[in-house]
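Protein chains in written order, with our numbering: chain A, 5 to 413; chain B, 5 to 413.
Incorrect hints may have been included.
If several chains are the same, the list does not tell them apart, and a pair holds so long as it fits within one copy or across any two.
[Claimed, not checked] Derived SDA-like pairs: lysine to any residue, alpha-carbon spacing no greater than 25 Å straight-line:
{"hint": "1", "residue 1": "Lys-215", "residue 2": "Gln-57"}
{"hint": "2", "residue 1": "Lys-41", "residue 2": "Pro-17"}
{"hint": "3", "residue 1": "Lys-89", "residue 2": "Thr-245"}
{"hint": "4", "residue 1": "Lys-252", "residue 2": "Pro-69"}
{"hint": "5", "residue 1": "Lys-9", "residue 2": "Trp-358"}
{"hint": "6", "residue 1": "Lys-215", "residue 2": "Thr-130"}
Since the hints were made in silico from the structure, they are not lab data.
2 protein chains.
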Amino acid sequence: MELEKLLGELARPAATKMVLVVLDGIGGLPVPECGGKTELEAAHTPNLDALAQRSELGLAHPVLPGITPGSSAGHLALFGYDPLKYIIGRGVLEALGIGFPLEPQDVAVRANFATVRHTPEGIVVTDRRAGRPATEHTAKICALLQENIPEIEGVPVFIRPVKEHRFVVVFRSPELGEQVADTDPQAVGAPPLPPRALTPEAAKTAAVAAKFLERLAALLKDEPATNYALLRGFSRRPQLTLFPERFKVRAGAIAVYPMYRGLASLTGMELLPVAGETIAAEMASLKENWDGYDFFFLHVKGTDSRGEDGNWEGKVKVIEEFDRLLPEILALGPDALVITGDHSTPAVYRGHSWHPVPFLVHSRWVRPRRETQGFSEAACAAGTLGHFPLLYTMNLLLAHAGRLTKFSA
Amino acid sequence: MELEKLLGELARPAATKMVLVVLDGIGGLPVPECGGKTELEAAHTPNLDALAQRSELGLAHPVLPGITPGSSAGHLALFGYDPLKYIIGRGVLEALGIGFPLEPQDVAVRANFATVRHTPEGIVVTDRRAGRPATEHTAKICALLQENIPEIEGVPVFIRPVKEHRFVVVFRSPELGEQVADTDPQAVGAPPLPPRALTPEAAKTAAVAAKFLERLAALLKDEPATNYALLRGFSRRPQLTLFPERFKVRAGAIAVYPMYRGLASLTGMELLPVAGETIAAEMASLKENWDGYDFFFLHVKGTDSRGEDGNWEGKVKVIEEFDRLLPEILALGPDALVITGDHSTPAVYRGHSWHPVPFLVHSRWVRPRRETQGFSEAACAAGTLGHFPLLYTMNLLLAHAGRLTKFSA
């Protein structure tokens with residue numbers, strides 16, 4: 005029996021509360037110039053350290069050892085969806101990232117403005133990013149396109165700016181397959197590729213996309229740089245059994261960044277309002293909504309952003325900020341609490357990495373390690389949970405919250 | 005290649021002896037009122053502790069992290085059968101629990117005596133457990149039923165009491181499918197559900213079961229409480245390659261409780277006689293049978309029973325009792341010895357739990373941990389075996405006993 009089916013059969017409602025705190029990109033690496041410490045080791049975290057003493061620690065692999073996950077893969081695992089089974093396409097991810105309300109039938113495409121030159125043999129790409137236009141310029145062009153291309157052959161079209169040369173196109177129709185090849189030739193001097201259907205069901209999508217490019221080229225023919233577009237990552241929302249149904253919980257998501265709100269909403273969690281962008285504002289939302297939900301996903305973005313920037317000290321500060329607020333979660337008395345990440349983002353690495361993520365689970369049913377320890381990569385490596393797939397996060401949360409019945413007789 | 009096929013191909017006979025000791029429900033949780041210790045930590049176990057120094061320790065997951073296994077799932081894993089692949093139905097388990105010799109063709113059903121009331125619209129259930137009759141009463145009624153219903157439409161029927169309102173019905177015929185829906189409406193005031201075939205192959209089973217209920221109702225119509233029965237868990241023995249054949253061993257099982265004897269016998273192990281119900285009696289059986297077998301499954305029930313009762317001290321005492329007798333096993337000089345459980349049953353949790361089970365393997369080929377350690381959950385969490393699926397128990401036993409050839413060239 006598959007894990008997904010198994011959990012669905014064993015999950016039962018209960019009067020218990022669960023909190024899943026995701027410190028995005030929490031895992032780090034030791035930095036010689038910073039006393040040889042990781043961000044978690046250097047941070048002054050009396051509350052996390054005290055909690056670690058009364059918790060089980062371990063290291064969790066978002067996908068597999070050595071595999072660096074994108075944000076969507078890490079979060080899918082955290083929510084109990086196998087990231088090797090459910091793939092979120094780049095078009096969908098880009099749409100989620102700007103908070104676009106994707107419907108199940110939508111085909112989303114990640115688009116780049118590009119510059120093309122006309123030659124006797126046809127057009128060729130001269131700049132795959134159109135000289136990286138300002139975001140404002142992209143927004144203006146997208147508005148122009150949206151006004152002139154509201155639909156193609158009866159298919160509603162949505163055009164939204166993202167950042168610099170990037171924008172999103174969404175085609176909405178139940179008749180569209182999503183298997184269409186990228187049009188980016190990946191080389192300057194080459195002609196853009198036509199949108200080619202990879203399955204019979206995607207024929208109409210390819211035709212609509214080709215017409216979209218035709219009309220876009222006509223509308224932008226006098227633009228000096230942003231006179232064409234390359235389309236990538238045609239995709240639809242993955243079809244998955246929704247989180248509240250699978251786990252028999254009322255699930256609320258507390259996140260500030262659109263992509264994470266989008267990921268939570270893909271799985272059917274309710275998005276809870278947050279008044280501001282701080283961790284304190286997220287905590288306030290948790291308190292306000294405490295009675296209305298059984299499960300809370302609380303996402304902290306700063307740890308990942310500082311890590312991506314290579315800002316070791318900044319990441320330490322975000323960890324300390326969370327630590328100061330941790331007592332507010334504990335005061336609510338969750339029956340089961342997990343604090344972990346969706347992947348590691350070591351500041352010294354300046355990006356997502358493959359290193360397993362520190363993981364803490366707290367409930368009244370834990371086997372803590374006796375020896376003094378804080379919450380760090382090293383303490384987690386020596387923790388009583390050992391190494392395990394991050395996909396088992398929901399198993400552990402549900403078990404510790406008394407929400408899984410016994411398997412088999 | 006699947007593990008099961010792999011082991012089958014690699015296993016070879018050898019002149020070595022293996023012992024698998026299952027301390028049922030051995031894993032525990034720390035209890036503040038008991039010095040913050042688990043049962044294993046508190047128990048005075050000089051022999052286990054000394055053995056742990058010369059062994060590899062680890063923590064094993066019977067099914068998956070967070071999943072609490074029933075006894076059958078844990079034992080299937082121990083015997084090398086994937087518990088997510090081989091499911092033992094409730095009817096079969098109930099039959100095993102009373103030592104009924106199930107044949108491969110038998111469909112076993114877990115039955116409850118119930119009370120029904122006659123209304124103009126038909127019968128409705130007024131007590132799903134018939135007021136919990138005394139076991140003696142159930143035995144008397146079962147004898148009456150057996151006498152009057154020896155067969156139905158040529159299908160032999162076996163009716164056996166279990167405890168209080170519970171009994172077992174077995175239909176024996178090669179023509180019977182087992183996919184029949186439960187008849188328990190799970191609510192008082194509702195009519196019992198008819199035995200409904202869920203597959204075409206089960207049509208005859210459903211018809212025979214319906215006739216069984218009809219005749220039962222007629223025979224018991226004057227009983228004040230036990231005047232009807234609800235049927236659940238129609239099931240057949242799982243079809244599996246037998247243990248002695250898979251592993252090329254002569255396998256003997258030493259267990260006192262019928263369910264564990266039944267599980268062992270399902271896999272084709274021989275049941276060895278035990279003169280009494282004590283661990284000492286089991287040890288005597290081990291010694292007596294030492295020359296006749298290559299593999300011994302030795303099951304200790306007390307650890308689980310005390311755990312289920314919430315009797316922390318009682319569980320400690322059973323562990324100490326086993327420890328005193330452990331030298332008798334060592335004196336026999338097994339080539340490979342595993343001491344573990346089928347699941348954890350922390351006394352403070354009063355039931356099976358999802359926590360991984362302490363695991364010890366001893367042979368001349370071990371990598372022990374250098375630091376002084378006893379045999380406890382914490383020592384196993386820090387052990388050289390790490391965390392692993394309990395399903396690999398037979399891999400380890402066979403390997404340490406020199407009974408697995410090299411895989412691939």
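Hints, verified against the model:
no. : hint                : in the structure
1   : Lys-215 <-> Gln-57  : neither (62 Å within a copy, 61 Å between copies)
2   : Lys-41 <-> Pro-17   : neither (43 Å within a copy, 31 Å between copies)
3   : Lys-89 <-> Thr-245  : both (13 Å within a copy, 23 Å between copies)
4   : Lys-252 <-> Pro-69  : between (31 Å within a copy, 19 Å between copies)
5   : Lys-9 <-> Trp-358   : between (28 Å within a copy, 18 Å between copies)
6   : Lys-215 <-> Thr-130 : within (22 Å within a copy, 69 Å between copies)
In summary, the structure is inconsistent with hints 1, 2 from the numbered list given earlier, while agreeing with the others.
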